[in-house]
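Participant: With these hints in hand, go ahead and build the complete structure from the sequences.
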Amino acid sequence: MKKKMAFLLVLFMLMSGFSVCQSKKDGLSKGSLDADTKKTQETQEKKNSDKASLGKEDAKSDQKQISQKSVNKVSKDDIKGKEAEALKIYSPLLDEYHKIISNYSEDFAQDYEVDDDKIGVFEYLWTNSSDNLVLFGYCLEDFNKDGVLELVISTPKKQENGEYKSEDILALYTISDDEVKPVIIGSSRDSHCYLGDGKFYNLRSLGGLYYANGVYKLSKDVQKMEYIDFYFSDEKEPSSGIITYYHNNTGVMDKSVSEELNISEDEFWKIDEKFLKQAKPLKFNLFSDYEEGQYSGLPLSIANSKKEELDYVYDYDSFIAEDKKYPVKATLQAKKDYTDLKILELEYVGQDKKDNPKFSTKVVYEAGESPSARPFILGLKFLGSIPNNGISFVDENGKTRYFMIYESGKDGSLLLSEF
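Just so we're aligned: the sequence shown equals residues -21 to -1, 1 to 398 in mature numbering (1 follows the signal peptide of the UniProt record, and there is no 0).
Honestly, I wouldn't trust all of these hints.
FRET-style restraints, in silico, Cβ to Cβ [unchecked claim]:
id : residue 1 : residue 2 : range
1  : T229      : E92       : 29 to 37 Å
2  : E62       : D94       : 21 to 29 Å
3  : V328      : V113      : 44 to 52 Å
Derived from the structure by calculation, the hints contain no laboratory data.
All residues carry an ideal CB built from backbone N, CA and C; glycine is no exception.
Facilitator: So, in structure tokens, the structure goes:
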């Protein structure tokens, strides 16, 4: 579910700061927590449970591959190949994170449609307004050793050896059927960190004196969290005001299936401290060193033309028609050699067997033999939600490739998609 950032700003103003896994109970200020968030948490748990059920059918068929891969020794070349393959799939998500982090402002936040999995990043941006790109990082890790690399987003800190590391997880994603799916969603009231050996620690703040923490592993299909130990606080009897602590291994706050613990509040927080001492930092790459599209495998990128580019448009190769007909100006920037760039008009003609869109094409401009020598500026006109603009070119391998150009529904930026 997407939320307008303007709605979230009200919530953030009530927070004294952003809480992460290292923050322990001091970061989760009891006096500032609303009891109503308990109901919200239970709703989120139900959503996570519903999502988990969707992966059960795939889990059985994946099991054979998992068991086979786990006994095979993977070479360094295999690892590099897996990383490149995973980064290509994660590329659009990394591009989106880079765009959010680099463009963040109050105005940007108010207009941006925020996905649930990115709330933790927006919370952190709200409370930290310095050079944002050096605050965030990403890394790949195969947590359950099934051969699929998960993507982690965090706020790493520079170590003495120059590496950037963090135990905290703002978001964790996996790949299923070549699609990116969120698995762990961190926030100021729901922090996660890695303990090593495929285990994670989770601390939740549910409002008032209600807390929950526990250790879990990711399921074999990496679609849900499977708890090993789960602790939570709740009233012994409704409206009694007497807080009691419970334990189970289901991850569900249900007193009827839990063991009542005879411990004090301080002893409860010692459990938290014990697990936090086991946290293992992961090594991250900073978003300040990331360029949008660098893992996409595309030989070129597209973006709305900047004012300085349009002021000196005749220094570029270009297809610029009158503004009334082509009001949007876009700049194509080469990353690899390509030739025979053509500007296309697209007409939607249906879908193929895999539900991918099909288009008929009409060439409206041929750019020549070597457009990759300089950036190329073109004029565009969008007629609706169905893409009507496109390009084709011959890549470095001699293959003619076709791409539609469309506007992001989140921020209006320009995107390319192959068809």
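Participant: Is the distance from the Cβ of V328 to the Cβ of V113 consistent with 44 to 52 Å?
Facilitator: holds (47 Å)
Participant: Indicate whether the distance between the beta carbons of E62 and D94 respects the range 21 to 29 Å.
Facilitator: Since the Cβ atoms of E62 and D94 sit about 25 Å apart, the hinted range of 21 to 29 Å holds.
Participant: Is it true that T229 and E92 lie within 29 to 37 Å of each other by Cβ?
Facilitator: 34 Å Cβ-Cβ, so the 29 to 37 Å window holds.
Of the numbered hints given earlier, the model fails none.
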